[in-house]
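The primary structure of each chain is shown beneath.
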Amino acid sequence: MNPITLVTNLLFFQPLVNLLLVLYAAMGRNFILAIVALTVLIRLLLYPLMAQQQRTARKMQELQPRLQELQKKYGKDRERLAQEQMKLYKEAGVNPFGGCLPLLIQFPILIAVYQAIIHVLALNPMAVIDLSKLIYRFNGFPALATLLPIQSQFLLWDLGRPERIFVPVGGILIPLPIMTLLVILTTWWSQKVMSPPATDPQTQMTTQLMNLYMPLFFGWISYNLAVGLSVYFIVTNLISVIQFALATRDVRRLLPRWLARPRPAAPAAPNPPAASPARPKKTEPARPSKARRPAKEG
Amino acid sequence: MLKRTDRHILAGLGILLGLLLAGCGGPSSSWPGIQVGDSTLYVADIDRVLAVEAASGQERWRFPPQNGAAGPCQGVFHATPAVADGVVVVAAENPGTGESRLCGLDRDAGALRWTYPPADQPPLGPVFAGLVTDGGRVFVGTGDGFVLAIHPATGQALWRTRLPEAGRGAPRIWATPVLSDTLLLVGTMDHRVLALDAATGTLAWPAPFQARGAIAGALALDGEALYVGAFDDHLYALDPATGRERWRFKAGHWVWDGPAVAGDRLIVGDMSGQVFALDREGRPVWPRPFQANGPVRARPLVVADRVYVADEAGWLHLLNLADGAKLKSVNLAPGRLLTPLVAVADRVVVVPTGGPFRLVAYHSDLREAWKLAR
Chain A
13 MNPITLVTNL LFFQPLVNLL LVLYAAMGRN FILAIVALTV LIRLLLYPLM
63 AQQQRTARKM QELQPRLQEL QKKYGKDRER LAQEQMKLYK EAGVNPFGGC
113 LPLLIQFPIL IAVYQAIIHV LALNPMAVID LSKLIYRFNG FPALATLLPI
163 QSQFLLWDLG RPERIFVPVG GILIPLPIMT LLVILTTWWS QKVMSPPATD
213 PQTQMTTQLM NLYMPLFFGW ISYNLAVGLS VYFIVTNLIS VIQFALATRD
263 VRRLLPRWLA RPRPAAPAAP NPPAASPARP KKTEPARPSK ARRPAKEG
Chain U
8 MLKRTDRHIL AGLGILLGLL LAGCGGPSSS WPGIQVGDST LYVADIDRVL
58 AVEAASGQER WRFPPQNGAA GPCQGVFHAT PAVADGVVVV AAENPGTGES
108 RLCGLDRDAG ALRWTYPPAD QPPLGPVFAG LVTDGGRVFV GTGDGFVLAI
158 HPATGQALWR TRLPEAGRGA PRIWATPVLS DTLLLVGTMD HRVLALDAAT
208 GTLAWPAPFQ ARGAIAGALA LDGEALYVGA FDDHLYALDP ATGRERWRFK
258 AGHWVWDGPA VAGDRLIVGD MSGQVFALDR EGRPVWPRPF QANGPVRARP
308 LVVADRVYVA DEAGWLHLLN LADGAKLKSV NLAPGRLLTP LVAVADRVVV
358 VPTGGPFRLV AYHSDLREAW KLAR
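Residue numbers (the numbering used here), protein chains in the order written: chain A, 13 to 310; chain U, 8 to 381.
Since the hints were derived computationally from the structure, they do not count as laboratory data. All figures in this text were calculated on a predicted structure; none of them were measured in a lab. Glycine included, every Cβ here is placed at the ideal spot set by N, Cα and C. Misleading hints may appear alongside valid ones.
As the list claims (entries may be wrong) - Mimicking DSSO-like on lysine-lysine, the simulated pairs with C-alpha atoms at most 27 Å apart in a straight line are: (1) A/71 with A/85; (2) A/204 with A/84; (3) U/378 with U/335; (4) U/257 with A/145; (5) U/333 with A/145; (6) A/71 with A/88.
Stated by the list, open to error - To spell it out: a stretch of chain U is covered by chain A in this simulated footprint if at least three of its residues, at any positions, have a beta carbon under 8 Å from a beta carbon of chain A; those stretches are: (7) 170 to 182; (8) 213 to 224.
Only chain A is shown next, with the shape it has when bound in the complex (with noise of 0.2 Å):
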């Protein structure tokens, strides 16, 4: 084993493995909740750094106004454009590539989440092998590897084989990827909360073509990797947006537009509020889409 594996093992994927154990001994040896509570931990030691991002997302929109002043002065002239937008962000304090370093710190994170989950599965004898390496012992007894064979079936899945359920239609199997649905509808949901408003038309459209492809994506990996990597993804999802929420205080862009538009104000009112419910339209987070969405209070 080469020394940079050693540490990384010794250091990361060692204790992750065996947090997972005392997890599954801690949730009644249930592998989907050990999976959930494991997510969750997970989210907890990233909160600072997911905070930042929120943050700066948040300093971002309230620079959208100015940033599409900036726009339309300096729209044909690209570099001059670049110029002033750097100047307005180090103005504000804002570093407009803080966001990317959460992003970037959950690819490692993800990669040693699926392999902890495989290999406490162990559903193989070469598997086992693997994992009698990582487990740990207490005083010379064996009381994690006690927990072994972890048991992996939750309902219709195997967590630790890619999700394959069919239903015959009309003589023939159609796959019913329900997971990966999951994975799919969770991950658009937190992407399309998540997005800042785009500055001109071109972001907007890599805006709309990321939320398009981000899900595409991770429902493509979630229907060819194990079913307990797309639980994974899903409570990261939903924690994602509850964690937004609570930092926006606004539950209301939770839900779809249609539910969300704020209802007119009713015919016989006497007095009608002084102010909309929606902000003046200097300080509404921009967003060049179709409609617009109600803006947060307060």
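Let chain A serve as the given structure and place chain U on it in line with the hints.
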């Protein structure tokens, strides 16, 4: 907040992530299996089944044949084959789904005679346990809790039993069962040993034996006792007629395979690499255990007054049976030695997992006799 270029970088990273995750699976789920019959070695060596002359290392046949198709018997081969009634019975696993079919190959030519279940029926669960035979029947345990008896000449199922669950889902059978008179003794990953009537497949003991750890390796029998290794670091000795525990021995780590039985000695290895010699009451007889260079998964081999121990690091050790002193070691790394050793025609034969050789045969003093390259 991500700009367009950042999103493209992220998209690229996402694709990389997909490739990394997709590449997480290993090439094989288990190690090769080997069986001896009439001075011929029958090896389920992952991508093929081989029949090899034990004395010379000459290949007699292979399946699938060169430039030939495997027909309905497609997949990887790792469960120890059984040889009965002129047929070599092997299990072919679909590496994508883990499902398996049994295949009957002609012992002399390697031609496919039958598959079970037939190609138009759903396959079995994964078969990791070695196949065992009493000459007239071949017994198979599956990874989804079934035990079957197959007629080796025809491939017809004689009986099929689903083991009862014990709160851990379908009991996975990875351990090679053992026959004791009329009983088939089966160890399971859910910590149990059960006895089935070999003629009918019905449960025979009043209650299964319950260990504290998974039972994954081959059981061993010496006529007096049944020996079972478990992932709770113990080797158990049971009464084969009732399943009652007689004694237990605490090793230094998981005990995967049962012991080699040689006269009044039991030789057993553990996953910390220690090898112990015990008497028939489970008491250590060597002054100290032998320490190998890697985990000892496979059952050691005893020939006359010598013990052969294979470890996962690729070392083959020759020990003195009387006191466990090391006489010689040879290294086959990068091959890992996970398959039990076999002795045939004055040769000790090793089947490495990985590395440049499929088979390596040694004289009794570990001088090399022949090698079969991959």
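*What are the numbers of the hints the structure violates, in ascending order?*
none
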